[in-house]
Structures are given as C-alpha cells and as structure tokens.
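All chains, full assembly: derive it from the sequences and hints.
Number of protein chains: 2
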Amino acid sequence: MPQLPFGADEYAVRVRKTRQEMSARGLDAIFVTDPSNMAWLTGYDGWSFYVHQGVLLTLEGEPVWWGRAMDAIGAQRTTYLQHDNIVGYDDTYVQNPSKHPMETLVSMMADRGVVAGRIGFELDNYYFTAAAFMALQSGLKQADLVDVTGLVNWQRAVKSETEISYIRAAARIVEKMHTVVRETAEPGMRKNDLIADLYHASITGVDEYWGDYPAIVPMAPSGMDATAPHLSWDDSPLKTGESTFFEIAGAYRRYQCPQSRTLFLGKVPQKYIDAEKAVLEAVEAGLAQARPGNLCEDIATAFNGTLNKLGFEKDSRCGYAIGLSYPPDWGERTMSFRAGDKTVLEPGMTFHFMPALWLDDGGLEITEPILITETGAECLCTTPRELVIKD
Amino acid sequence: MPQLPFGADEYAVRVRKTRQEMSARGLDAIFVTDPSNMAWLTGYDGWSFYVHQGVLLTLEGEPVWWGRAMDAIGAQRTTYLQHDNIVGYDDTYVQNPSKHPMETLVSMMADRGVVAGRIGFELDNYYFTAAAFMALQSGLKQADLVDVTGLVNWQRAVKSETEISYIRAAARIVEKMHTVVRETAEPGMRKNDLIADLYHASITGVDEYWGDYPAIVPMAPSGMDATAPHLSWDDSPLKTGESTFFEIAGAYRRYQCPQSRTLFLGKVPQKYIDAEKAVLEAVEAGLAQARPGNLCEDIATAFNGTLNKLGFEKDSRCGYAIGLSYPPDWGERTMSFRAGDKTVLEPGMTFHFMPALWLDDGGLEITEPILITETGAECLCTTPRELVIKD
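Residue numbers (the numbering used here), protein chains in the order written: chain G, 1 to 391; chain S, 1 to 391.
Heads up, a few of these hints could be off.
Just so you know, same-sequence chains aren't split out, so a pair can sit in one copy or run between any two.
[What the hints assert, rightly or not] The calculated DSS-like cross-link candidates involving lysine-lysine, where the alpha carbons are at most 25 Å apart (straight line), are:
id	residue 1	residue 2
1	K314	K342
2	K314	K17
3	K309	K99
4	K314	K99
5	K99	K342
6	K309	K176
7	K267	K342
8	K309	K390
9	K17	K342
10	K17	K271
11	K277	K314
12	K271	K390
13	K239	K390
14	K309	K141
15	K239	K17
16	K342	K141
17	K99	K239
18	K271	K141
19	K271	K239
Just so you know, the hints here were simulated from the structure itself, not pulled from any lab data.
Here it is in structure tokens:
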C-alpha cells in the first residue's frame with residue numbers, strides 16, 4: 001500500500017460525500033476526468049492527463065481508475081485502490097485517430113455492469129473532449145449520459161484540517177518567493193534569471209515543506225505587457241520606471257497557494273500610488289465581508305464599491321476558490337467573487353482574493369489567498385500587502 | 001506591432017499551407033483550440049488555455065483570435081493580428097454554468113458570415129470540451145461541423161530553419177540540465193533540491209538562449225516508482241542502489257527539446273548493464289532507419305527487433321513528433337514510432353526517439369531528440385548516450 005497524502009478515512013469521507021450528491025441527482029455512476037477530482041477521490045498523482053483517463057465511481061464499491069496501460073503502474077503506486085480496480089488500455093490507442101480509447105472504457109464499464117441508468121460525465125472539463133463524448137454516446141446507447149461538470153469540485157469546497165495544513169505549507173512557499181523578488185530584483189536583471197530564482201525557491205520549499213509544481217507557471221509581465229494578464233516571461237531586462245507583477249503560487253502535495261505582488265523599479269508615478277491606495281482600501285472592504293453566512297458576491301460588491309468610489313474600475317471577477325489542482329488552472333472552478341454568485345461562505349473554504357487592476361500602461365496585482373474561519377477570514381500569507389517599490 | 005518569434009512571411013506560409021489542406025478537405029473554416037496551433041498560426045502566447053478560446057481561420061483574410069476579454073490584450077501584445085480581428089468575451093462567461101462562452105463565438109462567427117458550409121473543430125483536443133461542441137451545435141444549425149483534430153498539427157511536421165534553430169537552442173538547455181544531474185546528484189540529496197537545480201539551469205538557459213517553461217514538468221521517479229512513467233518528485237532522498245530517470249525538456253520560445261537519461265547511484269546490478277547495452281544497440285538500429293523515404297514504423301521495427309533479440313521488450317511506442325508545445329504535452333500528436341504508422345519521413349521533421357524501458361524494479365530511459373536530415377538523422381543533443389553511474 002503506497003504512502004498517500006491523506007488517510008483512508010479521509011478518502012472514504014470524500015467518496016461518501018460524492019455519492020450523497022450522486023444520489024440526490026439520481027445518478028447511478030459518474031466518470032471524472034478532471035485530474036484534481038481523480039486525485040481527490042483516489043490519490044492518483046501522475047502527469048498523464050495528456051492521454052484519456054478517468055475515475056469511474058458507482059454507488060457501491062471502490063472507485064475504478066482507467067487509463068493508459070503504462071500509467072496503470074503509476075496508479076498502483078499512488079492510489080489506495082486494489083489492483084483489480086486499476087484498468088489500463090493498450091498503447092496503440094494513444095493519439096491514434098483510427099480508434100478511440102473510450103471504446104475500451106465502454107468495455108470496462110460493460111464488464112462491471114455499468115451500461116444503463118444515469119451516468120454523469122464532466123462535459124465542460126479540460127481533458128474531456130467532444131470526440132471522447134461521441135465515442136461514449138455510441139458505446140453506451142442504453143444509458144442516459146448527463147453533465148456533472150463541477151459535481152466533485154463542489155464537494156471539495158470546504159477543506160479538511162489536513163488540506164488546510166497543506167495550503168498553509170504552500171503559503172509559506174509563496175511568501176518565500178515574494179521575498180526573493182523583493183531582495184533580488186534590480187534594473188538590468190534578465191527576467192528569466194529572476195524567474196529561475198523563483199523556481200528554485202519554490203521547489204526547494206520551506207523547512208520540511210518541499211515544493212511541488214504549481215498548476216500555472218509564473219506570470220510576470222512588465223510595462224505595457226503587464227496591461228495583459230497571463231503572459232509569462234522572456235529575457236528582457238527589468239527596467240527603471242516600469243512595474244512588473246508576479247502572479248505566482250506555492251504548491252505542496254498538489255495544494256496551491258497563489259499570491260500576487262507588484263514591483264515598481266525607480267520613482268513611482270502618483271497614478272500607481274493612487275491605485276495601490278484604492279486596491280488596499282477595497283481589499284479591506286472585501287475582507288470585512290468575508291465571513292460565514294455572507295455570499296461570494298458580497299465580497300465583490302464591497303470591493304467594487306470601494307474601488308469605484310476611489311476612481312478605479314475592475315470588470316472581471318475578483319476571486320475564486322482554490323485547493324488541489326493540476327495544470328492548466330490553480331482555481332477550483334466553482335465559486336467566484338462576482339455579482340450573481342450567491343454561494344454562502346462556510347468555514348474551511350479557501351479562495352484567492354484576486355483584485356488585479358490592469359491600467360493603461362501597466363498592471364497592479366496585490367492579492368490575498370484567504371481561509372474562511374468561524375468568524376471571518378484569515379489571510380494565509382504574511383507577505384506585506386503593498387506595492388513593492390525599489391527606488 | 002509586437003516583436004514576434006517569426007517573420008510575417010513565415011506566418012503567411014503557415015496560413016497558406018493550412019488553407020491548402022482546408023480546401024483539399026472541402027472546408028470553409030476551421031476553429032482551432034490547441035494552444036500550439038493558435039501560436040503557430042498567429043503568434044498568440046499566453047497561459048489562458050484554462051478558459052475557452054481559439055483561432056478562427058476561413059479561406060480568406062486574417063485569422064481571428066477569440067477568447068476572454070482580458071486575454072484579448074495579451075493577443076494584441078503577442079500576435080500580428082489587426083485589433084479588429086481580436087475579439088474578447090465578457091468575464092461573466094468564465095466558469096459560469098448558466099451560460100457558455102461558445103454562445104459568443106457563434107455571435108462573432110455570425111457577424112463575419114461564417115454560419116454555414118463545412119466548419120472544422122479539433123474534436124479530440126484538450127481544451128475543446130464536449131459542452132463547447134454541444135453549444136456550437138445548437139448555435140450553428142446550418143453548418144456541417146466536422147472533425148479536424150490534427151489538421152494544423154500535421155502542417156507543422158516539417159520545421160523551418162528558424163524553428164530548427166529554436167529546437168537547437170532548447171537542446172543546449174536540456175544538455176545543461178543533464179550535466180547538472182551528473183554533477184550534483186548524490187546519495188542523501190533531497191529529490192526536490194535536485195529538481196530545483198534543474199529548473200534553475202533550464203530557465204537561466206545557455207548564453208543568449210533564455211529558458212522558457214517546458215510543456216511537462218520534470219519527471220524523475222526513483223526505484224520502484226521508476227517502474228511507472230509520469231510521476232514527478234517529492235523530498236525523498238536519493239539512495240544508493242537505486243536508479244532514477246530524468247525525463248526532462250529544455251524549451252526556447254515554446255519549442256521543446258525533451259531528452260531522458262538515467263542515473264544509478266552505487267554498484268550497478270548486471271541487469272541494468274544488460275538493459276543499457278540492449279537499449280543502446282536498439283537505438284543504433286533505429287537511428288539507422290531514420291532517413292527520408294523510410295516510414296515511422298521502420299524505426300520501431302528496427303528498434304524492437306534488436307531489443308527483443310537481446311532479451312528485452314517494449315510494448316509502447318518508441319517515439320513521437322516534437323516542436324512547438326504548451327502543457328500538457330510536449331509531443332506534436334501526429335506521428336508515432338510504432339507498427340502501423342506509415343508516415344514517410346522527410347527532412348526537417350523532429351522527433352523524440354523515446355526507447356524507455358520499465359523494468360520490474362526500476363526504469364531505464366536513454367532517449368534522443370532527432371532531426372531528419374537530407375541523408376539520415378541528426379541527434380540534436382551531445383549528452384553522452386549512457387547509463388550515468390555514480391559509484
């Protein structure tokens with residue numbers, strides 16, 4: 001039996017919770033392809049999501065891992081599943097347009113009597129393609145195939161003690177990364193050299209917390225490039241008079257703690273001071289609403305109200321749930337801090353409160369990963385909440 | 001106009017080649033979601049593939065980038081497209097089950113008169129979900145929606161001079177990474193500390209070649225974990241008497257050069273010496289078949305024949321095409337070295353010749369990225385082709 005990040009009891013609770021929701025929706029089985037859902041239910045941890053794979057869960061018995069034959073060995077090494085509940089398909093199915101791996105999933109399901117009733121698939125998740133669904137529709141003609149995108153993700157919303165301890169470890173790591181930026185960055189330094197230092201800091205980790213890979217690479221655009229989110233880096237030297245934001249995450253045992261800070265080299269223009277002031281006040285206003293019983297949208301309303309009053313605007317969501325994740329997204333893809341999201345906050349939920357501003361000549365990101373407590377919200381990092389200015 | 005990795009002429013050739021194939025298949029338009037295809041056609045480079053996005057290409061005019069509004073700025077910064085050919089959708093569509101972003105793609109296509117005829121989608125690509133396709137089927141009732149998975153990937157098979165120069169830069173980087181393993185690894189070293197050094201080496205790069213992020217993180221399992229591919233790392237110390245394989249890549253401007261080597265610490269068992277000998281001979285046999293006019297399967301046949309003669313077996317493919325890539329796969333997802341792949345080799349094609357062996361108590365990976373030349377194959381790296389033994 002391999003060493004897993006959680007005890008057998010915790011996996012059992014997860015499976016039970018998921019089955020309760022399946023029953024409530026009248027589902028006989030679900031097949032989950034989101035790698036974070038696969039890991040959360042079974043422990044499976046491998047970079048194999050570039051081929052078709054998933055976990056089949058019915059209302060009784062163990063989940064069943066299904067994937068490429070060579071990865072079945074990885075499933076034996078990383079899950080609690082009995083080996084006859086780990087099923088691999090032949091390598092000739094890999095990236096071969098003449099046949100689809102899902103044909104073998106249908107056979108496996110038939111072998112286990114899962115061919116009729118209501119069966120759920122994550123229709124809007126990466127790694128569940130249109131072609132996969134079409135192959136399943138052909139193969140499972142007696143079943144009613146329904147959408148369960150997010151079903152398992154929602155079960156993950158309230159974190160256990162152990163999960164929170166992993167996110168706290170990731171928080172230590174991202175704090176260390178921001179310290180590296182603060183101490184190391186200077187005009188003329190090649191951006192990629194700074195990113196190399198950040199990677200080194202994140203993977204060495206902090207004390208006994210070794211660094212795992214984050215679900216998104218560092219995003220660190222400067223100047224006009226920082227008017228856009230989601231650009232990574234090149235070898236351009238850091239420049240005096242420019243801002244650079246560092247949207248980065250620490251990761252521990254696949255749990256993610258993203259946090260952003262912005263660096264300004266040289267004499268900072270008043271506009272950035274004003275934007276910093278507005279964001280900090282708006283963050284305080286948002287955090288004041290972050291408590292059990294309030295809604296996700298309450299945080300957005302308070303944040304945006306304060307921001308607008310101070311002369312700035314943000315038209316995208318200002319936060320999202322975080323936890324266990326694999327590329328390409330460190331978010332949990334359930335709750336968002338935005339108007340209309342009526343999810344009630346509960347203790348144990350974790351979010352990236354992400355009040356990024358993209359200005360006309362640069363970006364300002366000062367963000368906070370938070371944990372909802374019994375009485376309010378706890379910021380998971382101690383990184384100073386400010387625009388980092390190196391004059 | 002932003003600085004792109006290729007000149008306008010090269011992008012024009014790519015679009016023309018793609019249109020020729022579209023015409024040959026009677027297609028009026030294609031919508032590509034594979035991030036590497038988006039980048040190859042337009043230059044677009046952003047970590048935004050966790051939301052719905054793509055490039056629409058018809059038989060005339062510029063391609064059109066479509067994605068999340070905040071990423072439209074990134075498209076302005078990284079593509080050659082005129083800004084009215086960059087179309088963003090509202091942030092309220094992001095990860096919101098009550099509406100699907102593809103509804104806005106349908107509107108955009110209607111605005112441009114692309115609502116009928118034969119329209120191709122990459123039905124089996126990550127990032128093109130079943131739900132996306134269903135939304136398009138509802139919205140494009142007059143069109144014939146067909147599968148074009150791999151259509152653009154196949155146009156990328158033969159690399160240009162500039163592309164080859166980028167892969168050569170990535171080759172320098174992965175050589176450097178293997179040198180770090182050879183020089184740094186020792187019993188007792190925490191695995192994550194070694195991985196941190198590898199990341200640092202890869203991102204700092206070599207000379208003027210700055211390191212970009214590889215499309216897969218380092219895979220570096222030891223001992224019994226190395227009987228499985230695709231596991232990453234933790235903080236377990238390297239141990240005497242164990243093998244560890246390092247399946248890693250250098251990357252430059254999103255072009256990937258993967259290469260694997262295996263490290264054995266301590267006195268190496270005869271079995272590993274035998275396996276090394278078999279793999280090296282089989283690699284030579286495979287390389288001898290790697291020349292223009294031969295087929296992809298010829299390499300596999302020669303490799304497997306020699307391997308079997310020497311008492312070892314491998315039942316998965318032993319190579320695949322490489323080039324421009326984004327997570328989750330550094331392969332190009334077209335050609336494979338395996339029985340039945342009748343693709344004719346041409347000068348300018350690049351592959352990862354990947355003859356990994358997974359034994360009963362460990363793994364042995366000694367692999368070669370190669371370029372098909374006018375007369376044969378060139379190994380892109382000078383990394384010594386051997387089992388690395390530190391006794």
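Hints, verified against the model:
no.: 1; hint: K314 / K342; verdict: within (20 Å within a copy, 54 Å between copies)
no.: 2; hint: K314 / K17; verdict: neither (37 Å within a copy, 41 Å between copies)
no.: 3; hint: K309 / K99; verdict: neither (59 Å within a copy, 30 Å between copies)
no.: 4; hint: K314 / K99; verdict: between (47 Å within a copy, 21 Å between copies)
no.: 5; hint: K99 / K342; verdict: between (44 Å within a copy, 16 Å between copies)
no.: 6; hint: K309 / K176; verdict: neither (34 Å within a copy, 53 Å between copies)
no.: 7; hint: K267 / K342; verdict: neither (42 Å within a copy, 62 Å between copies)
no.: 8; hint: K309 / K390; verdict: neither (29 Å within a copy, 65 Å between copies)
no.: 9; hint: K17 / K342; verdict: within (22 Å within a copy, 49 Å between copies)
no.: 10; hint: K17 / K271; verdict: neither (49 Å within a copy, 47 Å between copies)
no.: 11; hint: K277 / K314; verdict: within (15 Å within a copy, 62 Å between copies)
no.: 12; hint: K271 / K390; verdict: within (16 Å within a copy, 58 Å between copies)
no.: 13; hint: K239 / K390; verdict: within (11 Å within a copy, 44 Å between copies)
no.: 14; hint: K309 / K141; verdict: neither (57 Å within a copy, 46 Å between copies)
no.: 15; hint: K239 / K17; verdict: neither (52 Å within a copy, 40 Å between copies)
no.: 16; hint: K342 / K141; verdict: neither (37 Å within a copy, 34 Å between copies)
no.: 17; hint: K99 / K239; verdict: neither (53 Å within a copy, 42 Å between copies)
no.: 18; hint: K271 / K141; verdict: neither (61 Å within a copy, 50 Å between copies)
no.: 19; hint: K271 / K239; verdict: within (18 Å within a copy, 55 Å between copies)
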